[in-house]
Every structure is written in structure tokens, then in C-alpha cells.
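Undergrad: Residue strings, one per chain:
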Amino acid sequence: MGPATQIAHYRIVAKLGEGFAYDANWSRDGKNVVFTNTLPKSGNDIWVLPNPMGNAAARKPYGFVQSDAYEFAGSISSDGKYLAYSSDENRTMQVYVQSFPGEGKFQISTNGGTRSVWRRDGKEIFYIDVAGKLMVVDVKAGARFEHGLPKPLFDVHIINSARVDVSPDGKRLLIPTTGGELATTSLMVVLNWYAGLKR
Amino acid sequence: MCPAKGGVAAGRWQISLGQARFPTWSRASSDLLCLGEDHRVMAVHYTAKGDSFTVDKPRVWSPVAIRRTGSSKPFDIAADGKQLVVIPAVDDPANFKCPVHVTVLLNFFDELKRRLP
Numbered sequence: 027m028g029p030a031t032q033i034a035h036y037r038i039v040a041k042l043g044e045g046f047a048y049d050a051n052w053s054r055d056g057k058n059v060v061f062t063n064t065l066p067k068s069g070n071d072i073w074v075l076p077n078p079m080g081n082a083a084a085r086k087p088y089g090f091v092q093s094d095a096y097e098f099a100g101s102i103s104s105d106g107k108y109l110a111y112s113s114d115e116n117r118t119m120q121v122y123v124q125s126f127p128g129e130g131k132f133q134i135s136t137n138g139g140t141r142s143v144w145r146r147d148g149k150e151i152f153y154i155d156v157a158g159k160l161m162v163v164d165v166k167a168g169a170r171f172e173h174g175l176p177k178p179l180f181d182v183h184i185i186n187s188a189r190v191d192v193s194p195d196g197k198r199l200l201i202p203t204t205g206g207e208l209a210t211t212s213l214m215v216v217l218n219w220y221a222g223l224k225r
Numbered sequence: 281m282c283p284a285k286g287g288v289a290a291g292r293w294q295i296s297l298g299q300a301r302f303p304t305w306s307r308a309s310s311d312l313l314c315l316g317e318d319h320r321v322m323a324v325h326y327t328a329k330g331d332s333f334t335v336d337k338p339r340v341w342s343p344v345a346i347r348r349t350g351s352s353k354p355f356d357i358a359a360d361g362k363q364l365v366v367i368p369a370v371d372d373p374a375n376f377k378c379p380v381h382v383t384v385l386l387n388f389f390d391e392l393k394r395r396l397p
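Protein sequences, first through last, are from chains A and B.
So the first sequence is numbered by the numbering used here: it starts at 27 and just counts up by one.
So the second sequence is numbered by the numbering used here: it starts at 281 and just counts up by one.
Bear in mind the hints are in silico, worked out from the structure with no lab data behind them.
Where hints are given, some of them may not hold.
Unchecked claim - Listed next, the in silico DSS-like pairs over lysine-lysine satisfying Cα-Cα at most 30 Å (straight line):
1) B:K362 to A:K197
2) A:K86 to B:K362
3) A:K166 to A:K197
4) A:K131 to A:K159
5) A:K149 to B:K329
6) A:K177 to A:K131
7) A:K197 to B:K329
8) A:K159 to B:K329
9) A:K177 to A:K166
10) A:K57 to B:K329
Start from the sequences, fold in the hints, and give me the full structure.
TA: Written out as C-alpha cells, the structure is:
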């Protein structure tokens with residue numbers, strides 16, 4: 027009989043010290059984990075943990091979007107070149123895209139926006155506007171970032187702070203919902219939203 | 281291109297996973313991952329065919345319990361579908377002196393099957 031097989035359940039990849047971190051988002055290329063970090067001095071900021079599965083020397087978390095404003099819900103585009111996040115830097119919470127790494131910045135939402143997510147192919151960003159409507163914006167990532175105007179999809183009674191999630195094939199949305207026509211907390215899968223838009 | 285009017289343009293399914301929360305599409309398989317009532321990550325196999333969308337019974341994805349971070353999703357899945365990044369909650373969000381770790385969970389049961397078929 028050989029030696030017993032031992033399988034680890036988990037691995038601590040970074041110690042953040044003081045703060046309250048949440049909302050981790052793993053980039054599709056696996057190179058970065060983006061999260062919201064709340065610190066007593068600067069409030070809510072967007073932080074990045076590079077090389078989460080690399081060697082310890084390369085895993086140094088750092089603040090990427092840090093200001094007096096309330097920033098949260100960061101996520102990196104599938105090509106790894108842009109970061110979408112929410113910020114109230116102009117008083118109203120809006121969705122922004124910033125070059126990653128870099129400083130070029132674009133405001134994506136117009137009527138308030140939070141909890142943005144990229145479609146897996148990087149061609150669209152979804153977010154919830156101030157009225158609770160699911161919005162979509164056509165975007166073009168790559169060497170140069172371009173975006174269209176937000177378009178409404180439908181009302182969602184999404185759970186507070188939750189985000190929709192786009193299926194790997196880009197055809198379905200998973201929406202944690204509550205209230206409205208649904209009496210209890212539920213999940214909702216929506217199909218063919220894009221085909222509906224094309225009609 | 282015109283926006284859809286009057287609600288969802290096509291299929292919509294309400295699915296219940298009991299008390300499970302934070303549903304996420306797996307990047308690598310036909311599974312939804314979610315946090316179960318006992319704070320362990322569960323996987324739920326789904327079948328999407330034509331106009332139907334059905335889910336199987338949830339199964340444990342990792343035996344490690346994650347403490348919830350309020351209403352924000354406490355995990356995200358890697359592109360290969362084999363690992364989750366997790367930030368365990370501190371005891372009290374107002375207590376900034378609690379050390380915070382970023383942790384990666386491994387898919388214990390799939391790895392076990394691979395090693396001990």
C-alpha cells in the first residue's frame with residue numbers, strides 16, 4: 027500500500043492586513059483578482075491581487091482605484107486590458123471603465139449605474155441603473171476602448187448588492203431576484219436576450 | 281438594433297436552489313455554483329435544451345465553509361472552473377483590526393476522483 031493521498035482544500039494566497047475586503051472577481055485570463063477593499067482612511071477602493079496562483083513574491087495586493095469617492099464592484103475585461111467599476115466621484119453612482127493598467131477613463135452609464143459585468147467576449151457590459159433596470163452597453167475593447175450608449179433591457183428585482191452573471195456562451199443571464207412577482211428569494215435564468223434586442 | 285420593450289424578449293425560468301445564494305455560471309462545465317445554507321460551495325448541474333432549463337440536485341463542491349460577506353458574493357470562479365477565490369468575512373465589518381486573507385479553494389471532490397478513480 028502506498029502513502030496516503032493528501033489533497034489540500036484551500037490555499038491562502040494573500041494576507042491583506044487591516045481592512046474589510048469583499049466582492050472578489052477573478053479575471054478571465056487568471057492573472058488578477060480584483061476586489062473591493064474598505065480602509066479607515068480612504069473608504070471603499072478597488073484593489074488588485076496580481077498572480078494569485080504565482081509565487082509569493084509576485085502576489086502583492088495594491089490599490090488600483092483609490093480616491094475619496096466610494097468605488098466598488100470591479101471586474102476586468104476578458105482581454106485583461108480594462109477594468110469596469112462603480113464610483114460616486116461625481117455624486118451619482120456611475121459605471122466607469124479604466125485602462126488596466128493605465129489611467130484612461132470612460133463613463134459608461136448615464137442614469138446612474140452599479141454592479142457592472144462584462145460579457146465573456148468583452149463586447150458588452152451589463153449593469154443596473156438607478157431605477158433598477160438592467161442596462162447593456164456595446165463596447166469595443168482592444169488597443170483602443172470605444173463604447174455606445176446604454177440601452178434598457180428589462181426591470182430586475184435583483185437582490186441588493188448582487189450582480190447578474192453572464193453564461194460562458196453569452197446567451198443566458200443568471201439573476202438573483204427577490205420581491206416583485208417573485209415572493210421569495212429566487213434565481214432567474216433569462217435566455218436569448220440578445221436575439222430579442224436584434225428584432 | 282432596437283431595445284426589447286415590455287420585458288424579457290424570450291425564455292425566462294425561475295429556479296430554486298433552496299437557501300443557496302450567489303449563483304454563478306461555471307466557466308468550464310454545465311454547472312451553477314452557489315453558496316449553500318451550511319456556507320459550503322455547492323455545484324448544481326443544469327441542462328439547457330431548446331425552451332427548457334432544468335437543474336439537478338445540488339452537490340458539495342468544496343467541504344470548506346465560507347463565512348458570508350453580507351449581500352456581496354463571497355467567491356468567484358477561475359476560468360478553468362477548478363478553483364475559487366474567496367475572501368472570508370471578518371467577524372465584524374466595523375472592526376478593521378481583523379486580518380483579512382484572500383484564499384483559493386480547490387475542487388476537492390473532482391481532484392479526489394482524479395487521483396482515486
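Undergrad: B:K362 and A:K197 were given as a pair; does the straight-line alpha-carbon distance stay at or below 30 Å?
TA: Status holds; Cα separation ~22 Å.
Undergrad: Taking only the CA atoms, is the gap from A:K197 to B:K329 under or equal to 30 Å?
TA: 12 Å, holds
Undergrad: Under the criterion that the straight-line Cα-Cα distance not exceed 30 Å, is the pair A:K166, A:K197 satisfied?
TA: 19 Å, holds
Undergrad: Does B:K362 lie within 30 Å of A:K86 when you go C-alpha to C-alpha?
TA: 23 Å, holds
Undergrad: Given the hint that A:K149 pairs with B:K329, does the C-alpha gap stay at or below 30 Å?
TA: 25 Å, holds
Undergrad: Between the alpha carbons of A:K57 and B:K329, is the straight-line distance 30 Å or under?
TA: 34 Å, violated
Undergrad: Are the Cα positions of A:K131 and A:K159 separated by 30 Å at most?
TA: Holds, at about 24 Å.
Undergrad: Taking only the CA atoms, is the gap from A:K177 to A:K166 under or equal to 30 Å?
TA: Holds: A:K177 and A:K166 sit about 16 Å apart, inside 30 Å.
Undergrad: Check whether the Cα positions of A:K159 and B:K329 lie no farther apart than 30 Å.
TA: 28 Å, holds
Undergrad: Verify the proposed pairing of A:K177 with A:K131, using a straight-line Cα cut of 30 Å.
TA: 20 Å, holds
Against the hints set out earlier in the document, a violation occurs for number 10 only.
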